[in-house]
Amino acid sequence: MNKILKDPLLWIFLIFSAYPFMPYIGSFISLGSELLLWFVFALGFNLCLGQTGLPSFGHGAFFGMGSYAAAISFLRLFNHDAFVMPILAGIVLGAAAAALLGWLIREKKGVYFAMLTVAFTQVCFGIAFRWDEVTGGEAGLSGVLRGAFFGLPMNNPIVFYYFCFLVFIVCAVIIRKISRSCFGLSLQSVRQNPLRSQYLGYNIGLYKFSVYTISGGFAGLAGALYCLLTQSAYADVLDWSKSGDVVMATLLGGGTVSFYGPILGSLIFVICKNLISSMWVHWALLYGLSFVIILSFFPTGLMGIVKKKRNLEPRLRGNAPAQEQTRREEP
Amino acid sequence: MNLFSIQGLTKRFDALVATNDVSLEIEREGILSIIGPNGAGKTTVFNLLTGLLKPDAGKILYKGEDITGKKPYQIIRHGIARSFQVVSLFEEMTVLDNMRVGIQRNLGLMNRMFLEASNKAATEKSLELLELVGIAPLADHGASHIPHGDRKVLDLAMSLVSEPDTLLLDEPMAGLSPVERLRITNLIRKLSETRKIILVEHDMDLVFGISDSILVLHHGAILARGTPREIAANESVQSAYLGKEAS
Amino acid sequence: MLELSLFLNGIVLGLIYAAVALGFSLVLGVSGVINFSHGITFTFGAYFFLTMFKTVGYIPAMILSPLCVALVGFIVERLIIRRVYGQDPLFGLLITLGFTIAMEELIRMIYGPATQNINAPSFANGVVIFGDLLYSQYRLFIAAVATLMIAFAWIFTEKTRFGAVVKAGMFDNEMVSALGHNLYRLRVVIMVVGSFMAGLSGILSAPIWGVKPGMGAAILMPSFVVVLIGGLGSIPGTLIGGLLVGVTLSMGTLVAPRFVDIMPYLLMGVVVYFRPRGLMGQHNIVE
Numbered sequence: 154m155n156k157i158l159k160d161p162l163l164w165i166f167l168i169f170s171a172y173p174f175m176p177y178i179g180s181f182i183s184l185g186s187e188l189l190l191w192f193v194f195a196l197g198f199n200l201c202l203g204q205t206g207l208p209s210f211g212h213g214a215f216f217g218m219g220s221y222a223a224a225i226s227f228l229r230l231f232n233h234d235a236f237v238m239p240i241l242a243g244i245v246l247g248a249a250a251a252a253l254l255g256w257l258i259r260e261k262k263g264v265y266f267a268m269l270t271v272a273f274t275q276v277c278f279g280i281a282f283r284w285d286e287v288t289g290g291e292a293g294l295s296g297v298l299r300g301a302f303f304g305l306p307m308n309n310p311i312v313f314y315y316f317c318f319l320v321f322i323v324c325a326v327i328i329r330k331i332s333r334s335c336f337g338l339s340l341q342s343v344r345q346n347p348l349r350s351q352y353l354g355y356n357i358g359l360y361k362f363s364v365y366t367i368s369g370g371f372a373g374l375a376g377a378l379y380c381l382l383t384q385s386a387y388a389d390v391l392d393w394s395k396s397g398d399v400v401m402a403t404l405l406g407g408g409t410v411s412f413y414g415p416i417l418g419s420l421i422f423v424i425c426k427n428l429i430s431s432m433w434v435h436w437a438l439l440y441g442l443s444f445v446i447i448l449s450f451f452p453t454g455l456m457g458i459v460k461k462k463r464n465l466e467p468r469l470r471g472n473a474p475a476q477e478q479t480r481r482e483e484p
Numbered sequence: 022m023n024l025f026s027i028q029g030l031t032k033r034f035d036a037l038v039a040t041n042d043v044s045l046e047i048e049r050e051g052i053l054s055i056i057g058p059n060g061a062g063k064t065t066v067f068n069l070l071t072g073l074l075k076p077d078a079g080k081i082l083y084k085g086e087d088i089t090g091k092k093p094y095q096i097i098r099h100g101i102a103r104s105f106q107v108v109s110l111f112e113e114m115t116v117l118d119n120m121r122v123g124i125q126r127n128l129g130l131m132n133r134m135f136l137e138a139s140n141k142a143a144t145e146k147s148l149e150l151l152e153l154v155g156i157a158p159l160a161d162h163g164a165s166h167i168p169h170g171d172r173k174v175l176d177l178a179m180s181l182v183s184e185p186d187t188l189l190l191d192e193p194m195a196g197l198s199p200v201e202r203l204r205i206t207n208l209i210r211k212l213s214e215t216r217k218i219i220l221v222e223h224d225m226d227l228v229f230g231i232s233d234s235i236l237v238l239h240h241g242a243i244l245a246r247g248t249p250r251e252i253a254a255n256e257s258v259q260s261a262y263l264g265k266e267a268s
Numbered sequence: 038m039l040e041l042s043l044f045l046n047g048i049v050l051g052l053i054y055a056a057v058a059l060g061f062s063l064v065l066g067v068s069g070v071i072n073f074s075h076g077i078t079f080t081f082g083a084y085f086f087l088t089m090f091k092t093v094g095y096i097p098a099m100i101l102s103p104l105c106v107a108l109v110g111f112i113v114e115r116l117i118i119r120r121v122y123g124q125d126p127l128f129g130l131l132i133t134l135g136f137t138i139a140m141e142e143l144i145r146m147i148y149g150p151a152t153q154n155i156n157a158p159s160f161a162n163g164v165v166i167f168g169d170l171l172y173s174q175y176r177l178f179i180a181a182v183a184t185l186m187i188a189f190a191w192i193f194t195e196k197t198r199f200g201a202v203v204k205a206g207m208f209d210n211e212m213v214s215a216l217g218h219n220l221y222r223l224r225v226v227i228m229v230v231g232s233f234m235a236g237l238s239g240i241l242s243a244p245i246w247g248v249k250p251g252m253g254a255a256i257l258m259p260s261f262v263v264v265l266i267g268g269l270g271s272i273p274g275t276l277i278g279g280l281l282v283g284v285t286l287s288m289g290t291l292v293a294p295r296f297v298d299i300m301p302y303l304l305m306g307v308v309v310y311f312r313p314r315g316l317m318g319q320h321n322i323v324e
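Chains as they are written, first to last, in the numbering used here: chain A, 154 to 484; chain B, 22 to 268; chain C, 38 to 324.
If you are wondering where the hints come from, they were derived from the structure by calculation, not from laboratory data. Because the structure is a prediction, the values reported are computed rather than measured. For each residue, glycine too, the CB sits at the ideal point set by N, CA and C. Don't take every hint at face value.
[As the list claims (entries may be wrong)] Derived DSSO-like pairs (lysine-lysine); straight-line CA-CA distance at most 27 Å: (1) A:K461 - A:K330; (2) C:K204 - A:K262; (3) A:K156 - A:K461; (4) A:K262 - B:K75; (5) A:K330 - A:K159; (6) B:K84 - B:K211; (7) A:K330 - A:K460; (8) A:K460 - A:K426; (9) B:K146 - A:K330; (10) B:K91 - A:K261; (11) A:K159 - B:K141; (12) B:K75 - B:K92; (13) A:K262 - B:K92; (14) B:K92 - B:K80; (15) A:K159 - A:K461; (16) B:K75 - A:K261; (17) A:K460 - A:K156; (18) A:K330 - B:K75; (19) A:K330 - A:K156; (20) B:K91 - B:K75; (21) B:K80 - B:K91; (22) B:K92 - A:K261; (23) A:K460 - A:K159; (24) A:K261 - C:K204; (25) B:K91 - A:K262; (26) B:K80 - B:K146; (27) B:K141 - A:K156.
[Claimed, not checked] Facing chain A, from chain C, some residues (calculated, C-beta under 10 Å): (28) V70; (29) I71; (30) I100; (31) R120; (32) I132; (33) M140; (34) L143; (35) F261; (36) L269; (37) P273; (38) I277; (39) V297; (40) D298.
Construct the complete structure from the given sequences, taking the supplied hints into account.
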């Protein structure tokens with residue numbers, strides 16, 4: 154019982170179950186839904202970055218694809234009357250795209266891996282932006298409606314919020330299960346010492362491919378929810394700035410040192426981005442500079458600072474000092 | 022049938038021929054040491070045997086099966102394991118988790134996906150192996166926080182998790198104190214009772230004290246092969262290697 | 038005739054791409070950093086020029102503004118990029134991306150979001166006549182300057198001792214100190230030279246494509262592709278990659294004008310599939 158009470162996820166769930174009833178912030182209900190889908194996005198992304206050490210810059214593309222898949226399937230396939238199917242379509246397309254890319258670049262390392270994911274994102278953006286017949290091109294797709302789900306009116310923002318909340322709970326539990334499983338430990342071994350992993354019998358290319366696919370599925374799911382939230386899909390959502398956002402949110406929270414980092418990071422990141430962009434036209438100036446400042450001075454993010462404090466006394470047990478975890482020289 | 026049957030193995034790096042037409046039969050038991058001056062191509066042979074490098078020519082048979090050009094993870098499954106010159110661990114994990122990573126490789130796919138990493142079977146097996154090599158009390162310590170000698174032992178123990186019948190050790194004595202050397206020597210002896218051991222080593226006391234046979238490489242080719250007594254008496258080895266060592 | 042003039046446009050475009058991509062490629066090769074801020078140096082070149090050329094004249098501005106850009110490159114290396122050496126590639130990518138976003142917005146604050154036009158200089162604003170083909174003098178001028186830049190860079194790396202250190206550094210960072218040079222200084226020099234070339238390219242292309250805050254981002258993505266096609270750190274490879282991408286983009290308009298943007302990526306996909314290190318790529322530090 155005590156163990157369950159100490160579980161950070163439980164507290165996060167409790168806080169967000171009360172979100173719509175909080176003073177002031179509770180009135181921004183769609184911000185709440187956006188936060189929840191960002192948590193799913195960032196947690197899924199961190200399976201790649203924090204767990205496996207894959208420097209992926211392609212998750213914006215998977216998010217965007219999920220978004221388009223939901224919009225297109227809603228408008229074209231299901232005759233404007235479906236709720237679950239567009240979401241499933243988002244997951245499937247996100248995972249399929251990630252699987253394709255992941256298979257092609259499973260043997261690549263570091264800089265090459267990152268560059269190829271950037272290139273992939275650009276291709277997706279090019280297609281979405283130009284293929285008017287399917288994606289609506291520059292104008293994007295709009296008119297996506299949220300129908301009923303088991304009789305619950307999803308067009309009610311609060312009901313939709315709780316739907317997102319449910320999805321978040323399921324995803325967070327699954328992702329944590331994955332990262333604590335044998336499979337998760339193997340992924341960690343791939344990050345920390347790929348050569349040794351191979352000599353323990355791991356086909357590391359296959360592991361990278363698998364985790365990339367899973368992670369892409371979560372990104373697609375988040376994208377589909379975003380489509381339903383905004384009731385539209387634009388090429389902007391799969392631009393590489395989206396990829397930058399999710400990496401930044403994850404690093405800000407300290408995804409490389411803590412499982413909960415991405416949640417903390419995207420909470421702050423999304424709120425600040427919404428707040429500043431509504432207050433100042435030239436918000437991008439602060440937005441860009443924040444990248445520089447965070448990465449220069451807090452490379453292990455907020456959780457990194459917390460952990461470093463705790464690790465100040467030299468101890469033998471447990472984790473290595475937080476600093477070592479990301480400040481490793483590439484071999 | 023011999024354990025390894027190597028035919029015409031050749032590896033070039035640009036102009037440098039690191040391994041030059043090496044043909045070799047290795048028997049199933051005992052400890053074989055590979056020695057030679059720096060740059061003789063000892064580590065290259067290891068890398069070729071374990072799939073880290075692909076040979077430009079030649080063939081490697083292991084127990085009659087062709088393993089030429091296979092990837093490291095495939096070669097491990099044939100029953101070959103290796104250690105590295107520089108200790109190669111998962112630095113951010115505990116000693117126990119370092120062992121678990123290897124142990125759970127042997128579980129079924131479904132188990133790997135759904136079992137918690139800290140499951141009982143993997144833990145017990147890990148502790149058993151740590152007990153065997155004598156570092157079980159350190160199980161919960163971070164791998165980067167234990168003394169160098171223990172790290173070396175852990176590295177060895179990790180090579181054992183795939184239950185190999187051949188163990189290739191690349192300079193197991195590098196950077197160890199005399200006391201630690203003795204400890205590793207005894208451990209190698211113990212391990213050699215149930216499996217083949219192939220060593221690359223500069224420590225001549227160890228090589229001549231422990232080996233059943235010795236292979237001398239020079240400029241990527243075999244210079245001599247024989248029992249420690251024969252090698253010590255071999256004149257070309259004296260001039261190529263041991264002579265220099267003494268001067 | 039349309040085909041021929043598109044082909045020539047493609048070559049000119051390709052030379053610009055190659056000149057920009059060269060700096061990007063060398064920084065990546067020597068320092069292992071994916072430098073997104075390389076695009077903004079291209080933009081800076083054009084805006085510095087825009088500010089200067091009416092007061093100091095065309096040619097002086099063409100020399101002065103790349104020098105200012107080189108200074109920017111120096112500052113960026115000292116203050117920002119050096120913080121991420123040896124870290125995960127995403128760090129370098131993000132920190133330079135952040136800087137780029139901020140600088141782009143700064144330019145937007147000062148100059149406004151609209152595209153500004155610069156006329157081609159009077160000495161090169163006519164046309165050249167080859168048989169029945171009319172071709173812009175200014176584009177030929179661009180081609181000449183870009184070729185000169187690339188040739189200088191090539192001679193620099195092939196024929197000088199410092200160039201040999203640069204090449205050794207791409208193969209193995211430790212070789213740099215073994216050859217008696219300081220790795221940090223080498224990285225700065227590469228960054229400064231690369232920024233200079235990107236800045237000059239920005240000026241050259243300004244009369245054709247106009248000056249706008251997003252111009253750097255628009256040139257950065259082709260640079261990516263050029264580097265991956267040509268092979269990291271290889272100057273001849275970058276030149277070939279640049280020309281291939283330029284011609285593909287230009288001629289592609291004849292085939293499928295809408296999807297011309299993604300053609301270079303498909304080309305890159307094919308090249309990288311068959312030659313993972315690109316056409317002329319060698320083993321290097323980022324592998």
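Requested in this report: Please write out, lowest number first, the hints stated earlier that are contradicted by the structure.
Outcome: 18, 26, 30, 37, 38
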